[in-house]
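Enquirer: Okay, here's what each chain looks like letter by letter:
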Amino acid sequence: MAFREEIAVRSENRFDLESIRADFPILDRMVRGNPLVYLDNGASSQKPLQVIEAITEYYLGTHANVHRGVHTLSQEATDAFERARRTSQSFLNAGSAEEVIFTSGTTEAINLVANSFGLRFLGEGDEVLISGMEHHANIVPWQMICARTGATLNIIPVEDDGTISLEKYASLLTERTRIVSVVHVSNTLGTINPVGQMIRMAHERGIPVLLDGAQAVPHMKIDVRALDADFYVTSGHKMLGPTGTGLLYGKMEWLHKMEPYQGGGEMIERVTFEKTTYAPPPFKFEAGTPNIAGFIGLEAAMQYIQRIGYDAMRMQEEKILQYATERLSGIKGVRLIGTAPEKVSVISFIVDGAHPFDVGTILDQQGIAVRTGHHCTQPLMDRYCIPGTVRASFAFYNTIEEAEKLATSLERAISMLVA
Amino acid sequence: MDLYDPLILEYQKNDTHFGKRPEAGNHLQAYNPVCGDSFDLYFDLEGGRMKDVRFSGYGCAVSRASTAILVEMMEGEKVEELSQIVAHYLQFVESGKDGDIPSKWIPFRKAGQYPGRMKCATLAWHELHNFFTKRQ
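Chains as they are written, first to last, in my numbering: chain Y, 1 to 419; chain G, 420 to 555.
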């Protein structure tokens, strides 16, 4: 038996949906008289007790500010915080813990790279390449830095099924391309982009690549070294961790060359009024007191995921995705947006004659939480000539029964709105 | 699901005043960046009254119906009176201040009880309210 299959079998045996759901007490609550069906995991996942308890225990028994303290609590807090960094390192398979920078989320991580890399390496006539399915967080920071440096922002077009054409991508890699910054998994379409190949193609031309992994990490094992990504960014709150936590992996060769992002405490080596020298990475990029409890919670989230196993999680998500895709596409008037062959458990759709907000409100009346609107991907909505979609995003703790509830409630909404 | 009152479902399809009038003396744009709903209001002012009012655009059932009802009320109305009516409607929907109100307004008040839907009931009304405020 192949190694991967062996793992899958072992994981399957361990996957007990009932006990997993018991770890997420919020899933038991009622919404407007109906049991909650939480299908807005793409926006933010729910948190297991293990994460909540890790944060509570930290505040109850360990909290003090980290680094430079000579008292016991400060040392214990520092040890816990830096242990979370090492856990993050192994979670992403980074080469060293110093290559893992703690940020407030994906947005801050991209802003950090856009500024620190951009101000050092971008100039008049240079090009930044992103795709047409980026979240605003991977568009606006680059637009801002292009405006400051005179660089141009180029866009890889999105095909009708929600994929990227590698041929078109290749034609946009030019001698002036200084960085490629693309989404690993689309938050709106669910598309898994061929990022391994995209990185290889960019590297053949000596171009570094940033991957926005906010929607990938909740669903799949990330190995930044196998991908050979130059930068990999993600958010903690979409992968069972607390809000206000994010990871930026950067290859040390780049981190050394980049300027700090913000100035303040923590990030310095020596300060005088004449001159300041900076601490080495990762501290060079972490000014101010960090979100200590947040990263301790995030560590518990990563440990939780490792214990369940991505293979087992994915298997459950795939089952639901397949069921929901078949069921929803069979409903008259429903059109799926994003039908790439490689997808995570995200389904975006529109309903003929009904606005996403109205559909979302009627689903909420039945206890179902979905996201509606442009999902912070307005250029992608323009690409499909639609104002927005309804998006159901499933996590491994969701059930087939919940997907069925979505379908029957959607049928009810359509019969109300589309007479 | 009582937000979707028959009146709202009926008015979202009402196209009595639907259409563009680029030649109109006044053109307002009501846009909600959160959801992308966008309506254009066209009208002329003649002898202190609203004339030839039209609207176009796209939005959810609630925002479309609330715009249609506004436009219906605008046609032929005196500016001074309309200004008070609009202020009254916004107070009614947003703060529940009622008094003597047209029965057509009642379903829109429920929007405030639904997460994120208040703006749907007031989008075009706010734009017209801003227009009046700037004129003063």
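Any given hint could be a false lead.
As the list claims (entries may be wrong) - Computed list of lysine-lysine pairs in DSSO-like fashion (alpha-carbon distance at most 30 Å, straight line): (1) G:K497 <-> G:K470; (2) Y:K257 <-> Y:K319; (3) Y:K405 <-> G:K497; (4) G:K553 <-> G:K470; (5) G:K497 <-> G:K439; (6) G:K553 <-> G:K516; (7) G:K497 <-> G:K529; (8) Y:K405 <-> G:K439; (9) G:K529 <-> Y:K405; (10) Y:K405 <-> Y:K332; (11) Y:K332 <-> G:K497; (12) G:K497 <-> G:K516.
Stated by the list, open to error - Taking CB as the label site, the calculated pair distances span: (13) G:Q448 <-> Y:R335: 56 to 66 Å; (14) G:H548 <-> Y:E411: 36 to 46 Å; (15) Y:A43 <-> G:L447: 54 to 64 Å; (16) G:G467 <-> Y:G353: 50 to 60 Å; (17) G:T552 <-> Y:R86: 38 to 48 Å.
It is worth saying that the hints were derived from the structure and are not from the lab. Values in this document were obtained by computation on a predicted structure and should not be read as measured data. Think of the CB as a built atom: it goes at the ideal place given N, C-alpha and C, for glycine as much as any other residue.
Enquirer: Each hint should be assessed against the structure and marked as holding or not.
Expert: Against the structure, the hints:
The suggested pairing of K497 of chain G with K470 of chain G holds, with an alpha-carbon distance near 10 Å, which does not exceed 30 Å. Between K257 of chain Y and K319 of chain Y the CA atoms are separated by roughly 45 Å; this puts the pair beyond 30 Å, and the hint is violated. Between K405 of chain Y and K497 of chain G the alpha-carbon distance is near 50 Å, which puts this suggested pair outside the 30 Å criterion. Proximity of K553 of chain G to K470 of chain G is assessed by CA-CA distance (about 20 Å); at most 30 Å being required, the pair is judged to hold.
Our distance criterion of 30 Å between C-alpha atoms is met by K497 of chain G and K439 of chain G, whose separation comes to about 22 Å. With a CA separation close to 24 Å, the supplied pair K553 of chain G and K516 of chain G stays within the 30 Å bound. With a C-alpha separation of about 28 Å, the suggested pairing of K497 of chain G with K529 of chain G holds against the 30 Å cut-off. Straight-line distance between C-alpha atoms of K405 of chain Y and K439 of chain G comes to about 41 Å, which puts the hinted pair past the 30 Å bound.
Annotation: proposed proximity of K529 of chain G to K405 of chain Y holds, straight-line Cα distance about 25 Å (limit 30 Å). For a cut-off of 30 Å, the pair hint linking K405 of chain Y to K332 of chain Y stands: about 17 Å separates their Cα positions. At most 30 Å may separate the alpha-carbon atoms for a hinted pair to count; K332 of chain Y and K497 of chain G exceed this at roughly 46 Å. Restraint check for K497 of chain G and K516 of chain G: satisfied, since their Cα atoms lie roughly 23 Å apart, inside the 30 Å limit.
Between Q448 of chain G and R335 of chain Y the beta carbon distance is about 28 Å. The supplied range of 56 to 66 Å is therefore violated. At roughly 39 Å, the beta carbons of H548 of chain G and E411 of chain Y sit within the given window of 36 to 46 Å. Distance hint check: the CB atoms of A43 of chain Y and L447 of chain G are about 32 Å apart, inconsistent with the given range 54 to 64 Å. Remark: the range hint 50 to 60 Å for G467 of chain G to G353 of chain Y is contradicted by a beta-carbon distance near 40 Å.
For the hinted restraint 38 to 48 Å between T552 of chain G and R86 of chain Y, the CB-CB distance of approximately 58 Å leaves it violated.
The structure shown violates the earlier hints numbered 2, 3, 8, 11, 13, 15, 16 and 17.
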